[in-house]
Structures are given as structure tokens and as C-alpha cells.
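Take each chain as given, in its own frame, and dock them per the hints.
Each chain, written out:
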Amino acid sequence: MALLADLFLQFSILTVVAFGGITAMLPELHRVVVEQRQWMDETTFAHLFAIAQAAPGPNLLVVSLIGWKVAGIPGAIAATLAISLPMSLVIFFLYRHWERFRDAPWREAIQTGVAPLAVGLVCTSGWLIGASAGLDLRGILLTLACTGLMSVRSWHPLWYIGAGAAAGALGLV
Amino acid sequence: MSNSPAAPVAPEPGSPHQELSRQPGLWELFLACSRVGLSGFGGVLPLLRHLLVEERRLMSGADFNALLGLCQFLPGSNVVNLAVCVGARFHGARGAIVATSGLLLGPFLVMMALATAYGVWGHLAVVQDMLRGIAAAGAGLLFATALKMARNVPERWIYLPFAALILVALVILRLPLPPLMLALLGMTGLIAYRRARRAAGLATTAKTDS
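Top line first, the protein sequences correspond to chains A and B.
Going by numbering that gives the first Met the number 0, 140 is the number at position 141 of the first sequence; the sequence numbering is gapless.
Going by numbering that gives the first Met the number 0, 27 is the number at position 28 of the second sequence; the sequence numbering is gapless.
Think of the hints as simulated: they come from the structure by calculation, not from any bench.
It is possible that part of the hints are untrue.
A few chain A residues that don't get close to chain B, going by computed Cβ distances all over 12 angstroms [to be verified]:
(1) L2
(2) D5
(3) L93
So the derived list for chain B, only partly shown, Cβ under 8 angstroms to chain A, looks like this [stated by the list, open to error]:
(4) G39
(5) L46
(6) N77
(7) P106
(8) L183
Small disclaimer: the values here were computed from a predicted structure and weren't measured.
In this text, a Cβ means the ideal position worked out from N, Cα and C, and glycines have one as well.
Just chain B, with the same shape it has in the complex (with noise of 0.2 angstroms):
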């Protein structure tokens, strides 16, 4: 979700770029991919961004920030999403494939213990001090998330009502999620749209007159 004025630029065909690009082997890519999803606590897209662009030189940073972008618009996991793509783009659908269990499989098998140690201790008066200690900081940091997210938002006056407007109808109206996000992301798109084709329009005007 970014929304940096200093948007990546897309690499043109044949450029340069190409030259970093070569090819690794798909058991290379699963232990990569391993590496990064075991290391990652709190966000894993900053790690996979430094191996594949500054460590493994598998691509340029152009290229990952044009990726980026589709992972970001559409919905889903962020990571998994650039997985596939990062995957697909070495070595098609196998590739996909095993960079994503790649990312996922490690993590996976880390949380089923995790798991079975809360069914086995989750009763303790001392594990549920522990998690709920936990929950109260977690709480803290997606707080902080919308803060900083909300702080990249353009023209706030505008666009951060609809931020309250989705609290209130998920939290007190306690409404379905999808319906209620296709009617507002239908709202919110349709006016960046208006704002976005009368600014271009007000350009146009201004170019002419001068």
C-alpha cells in the first residue's frame, strides 16, 4: 500500500537490468525462500527484498517494485503473492510452487508446535498472562500500523472518513466484510478517480492557457 510520490519506475525491455538477472536452481530458490520466511518476525517483505535484490543479485530493485506493486493492489498475502511471482518468473508453475511452500512450509511447521505446546500448557494461569501480555502489546503495534499507514494516505480531510466509517460498521454494526468492502472500495475508487481525471483535466486547461 504504498503511496510514495517517487513511484518505481518500470524498467524498460532491454535495459541494463537484465544483466543481473540469472537463474537459480529450484532447490536454491526453496532453501532461499526457507531462509526468509523462518527469519521473519514482524514482516518478512523487507528480507525477502534484501536477499533477492542485494544479496542473491536475482533481480534489480526496479523490477522487485514493479512486482511489489501487483502483490500490493491485489488482495490477499503480500508475501505469498510476491512468492509466486518471484517463483513463477524463474521457473513457472514449479517454481511458483516451491518458493511459495518454501516461504510458508518452515513457519508452518514452527506454529504447529507452537500449537500443540499451547494445547498441551494454553491452561496455565501463567502461558494465558503471558498471551494475553502479548495480545495487549499486539494490539499496541496494529495501532501504530494504521497510524503510519494512515499518515501516507493523500488528502486525508477526504479519504480518512471512510477509515472511521469502516471501524464503525465492522465494530458496532459488527456487517459482513465483503459486501460492506466492495460498496466503500466502490465509493473511495470512484472518487480518487473523479479527483484524478479533474486534476489531468485541470493541467490540460492550465498548459493550454500559458
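Bound-form chain A, shown alone (with noise of 0.2 angstroms):
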């Protein structure tokens, strides 16, 4: 119980400053689930990131993972509960009263200053997965490849992950 209220308490804390999405926290995720509290290992983590990645839904769904590896379904809840659930109160009341603060001068400034953290935010997330999975030179190749492709060609990002899980299975990388 002290664990899962743990789990939660952490977890809320991250949505507050989750600007830029999920995406932009798996950093965070990362340090308070694998370096502070040590629930899991580097590997695992970069194993839950593929199995979301590869999975349909909503990208926040990878807290799941992580709570259900922390404390088994109980704990995939709870994760899910407490990224989902503080924003959500927040913005229920908020809701009707938007259309005030949309030309305010402080609305713009903060939405172009969370822009570029975002941006540093996503970047730290594609660094640590591949420092995660223990990626050796092969493996940042095709993580450069998709990259360079991904930029210049608008395929669905399931071909990526198909094309990942080939190489990994035919021992490409």
C-alpha cells in the first residue's frame, strides 16, 4: 500500500510540469523510477518504452507498464490514475473559462517558452532510450536511420517499429 501511494504521489507530481506530453517525461520517469527509487533496471525500462511504442493507444499508456512492472496491476492503475487524473480535475474546472485567458499577453508568452524545453525535453527522452537499451554502434545506426528517414518521409511510425523489431529479431542490432 505505502508502495502504490508512493507510485501515485510520485507520478502526480511529474504531470504538473509534464508540458510538451508524456514523451517530454520520460526523462523524469526515468530518474525517479530507475536512478532514485530503483523499481526497475535500465534494460527493463527500455523494454517497457519498445512494448508501449508498439502498442496502440494514447502515448502516456507506458506509465501503465511501469506501474505494472513497480506493483502488478494494482500498480498499473495507480500510474495510470495519477498521470491522467490531477490535469484532468484541473482542466474540468477550467474548461468554460478559457476563451478569457486566450489572447492574455502571458498565455502566449508561456506557450513559447514551454515550446524549446519541449524540444530539449524530447530530445533527453531519445537519448535516454537509447542509453537505456544499451544500444552499441549497429544499434545507433538504425536509431540515425530512422531519424534521417523519419525527417524527410512521412511513413507511419508503425513501419519504424516493424523495421526495429526485424533488425532486433534477426540479430541486426
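In C-alpha cells form, the structure reads like this:
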């Protein structure tokens, strides 16, 4: 029970600064889950991210897998609620009044200010996943190839995921 | 995090947008959100928009953009935030709960099935190799996303150094994110605020001069 409460609290705190969506939160998830609380090792963290990538649904559900690893199904439920509930409550009470703030200068300033930080966070996420997965030179080349291709071609992400899985199964990375 | 110059315009009250809106039942809302959640690979947002605006015509594109603006402005998951707004708009608190659980329940059960499979077969070498391959590709997708987002940042020479700063602070210094985020957001927000004020001031001066 104490573990579930800790999990819920840690993930709730996280959502308050989750500007730029959950993908931008992977570094902080990693810091709390792997480094600070040591609920799992690097490799497992990368595996859970990979499973979430290959599954349908909003990408916040990677936290369900992390919760599951920490404390089974109850952990998964606690983690999912912790990530979605706090901001849901805020938005439920705020959305009616939003129109009033739409053109406020501070709102625009915050939105402009968040964008570059989100870029840095998503970059850090990519870095951390690569490092946690323990990629060797061939793995890094695959990562760079995906980055390059994705930047010039708008193929569906599942193609890249499938290619990654195939490359892994064939022992290429 | 859209910074496109063509910002969505707020719908005027009493505009013809309202004739688009009809009231979906709770069950319809649940099923529609479940379908979106379960078919969304690598991004649910476009599907949600398609369903609400084009397929079911539950709201206008402008209404959707206005709600999305709020959901992207606030922290947390954009799609969950959006489901709360959409559900609440049609059925208050009950609608918010139904839409959000519709969106999350199906994919959550899929995740738990995959987690169980991972618990059973995760130790196999071939599974580990596949997951490592997916992680490598997934890291590439993250970098590509970051590049795309960076291209949309206005006045990159001012703002992108902060992207590098947060990367260094997290990867090398391993600082905890909440205080770091608030401090850096304070800086970038202040810069954006002052630049906007100055631009507005210059525009006024130009107007008075001419």
C-alpha cells in the first residue's frame, strides 16, 4: 500500500510539469523510477518503452507498464490514474473560462517559452531510451537512420517500429 | 505545441458553428473514444479530430482548435485533457469520465496483456533483441519529433539554446525536472513576454509615426 501511494504521489507530481506531453516526461520518469527509487533496471525501462511504442493508444500508457512492473495490476491502475487524474480535474474546472485567457499576453509568453524546453525534453527522451537499451554502434546507426528517414518521409510510425523489431530479431542491432 | 502563424480563430458566440453540435449519448461517446484509443498507433490526436469534426460532426474545426489550444497549453497528456473537455462539453462530469475511460480502458487492457506476455517471455533472447530493435527505432522517432518541433520554434537563435541547456541539465547534471522546468520556463517565458511587449510597442510607435 505504501508502495502504491508512493507511486501515485511521484507520478502525480510529474504531471504538474508535464508540458509538452508525456513523451517529454520520459527523462523524469527514468530519473524517478530507475535512478532514485530503483524500481527497475535500465534495460527493463527501455523494454517497457518499446512495448508501449508497439501498442495502440495514447502514449501516456507507457506509465501503465511502468506501474505494472512496480506493483502488478494495482500498480498499473495507480500509475495511470496518477498521470491522468490531476490535470483532468484542473481542466474540468478551467475549460469554461479558457476563452477569457486566450489572448492574454502571459498565456502567449508561456506557450512560446514552453516550446523550446519541450524540444530539449523530447531530445533527452531519445537519448535516454538509446542509452537505456544499451545500443551498440549498429543500434545507434539504426536510430540515426530512423531519425533521418522520419524527417524526410511521412511514413506511418509503425513501419519504423516493425523494421526495428525485425532488425532486432535478425540479430542486426 | 503549435506555433503556426495561422492561429485558430475563436468561434463567435451564436455563430453558425452551433448547428453542427448535436448531443451524443454517453454510450456513443464511450464507444467512439474507445475506437479512437484502440486504433491510435503513434498519435491519437489526429484520429480524435477526424472523429469529432469530420465523421460525427460533433463540433466545428474552430471549436476543436480552441479546446486543443487549452489542452496543449496545460501540462499532462494532450489527448486525455481533450477527452475531458469534449466529454464535459456534452455531459458534464459524467461525460468527462466516460470519454476519458473510453479512450484509456481498451488500450490499458492491451497494455496489461502485453505486460503479462512480457512477464512470461521477456527473458527470451529473441524477445529482448526485438525490444532492443524497437527501442532503437523508437529513439529515432523521438529525435525526429524533436527536430520537427524545433523547426516550429520561432526565433530559434534565442530559444533553442534553452533546449540544449535542459538536455545538458538532465543528461549530464541529472537534475530533477520539476524545479528545473519551472526555473527555465520562468526565463523563456519572461523573454517571450518582453519581446512581445517590445514588438507591440514598436508597432504602436510605427503607427503614430506614419
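Given G39 (chain B) was flagged as interface, is its beta-carbon under 8 angstroms from a beta-carbon of chain A? holds, 6 angstroms
Examine each Cβ of chain B, and state whether all of them lie more than 12 angstroms from the Cβ of L2 (chain A). holds, 17 angstroms
Status of the P106 (chain B) interface restraint (C-beta, 8 angstroms, chain A): holds, 2 angstroms
Are all beta-carbon distances from L93 (chain A) to chain B longer than 12 angstroms? The claim is violated: L93 (chain A) sits with its nearest Cβ about 7 angstroms from chain B, within 12 angstroms.
Should the label of D5 (chain A) as a non-interface residue stand, given a Cβ cut-off of 12 angstroms to chain B? holds, 16 angstroms
Mind checking the CB of L46 (chain B) against every CB in chain A and telling me if the closest is under 8 angstroms? For L46 (chain B), the interface hint is violated, since the closest Cβ of chain A sits about 10 angstroms away, which is over 8 angstroms.
Residue hint N77 (chain B), partner chain A, criterion CB-CB below 8 angstroms: Cβ of N77 (chain B) sits 6 angstroms from chain A, so the hint holds.
Closest C-beta approach of L183 (chain B) to chain A relative to 8 angstroms, hint status: Nearest chain A Cβ about 6 angstroms off; hint holds.
Hints 3, 5, counting from the list given before, are not met by this structure.
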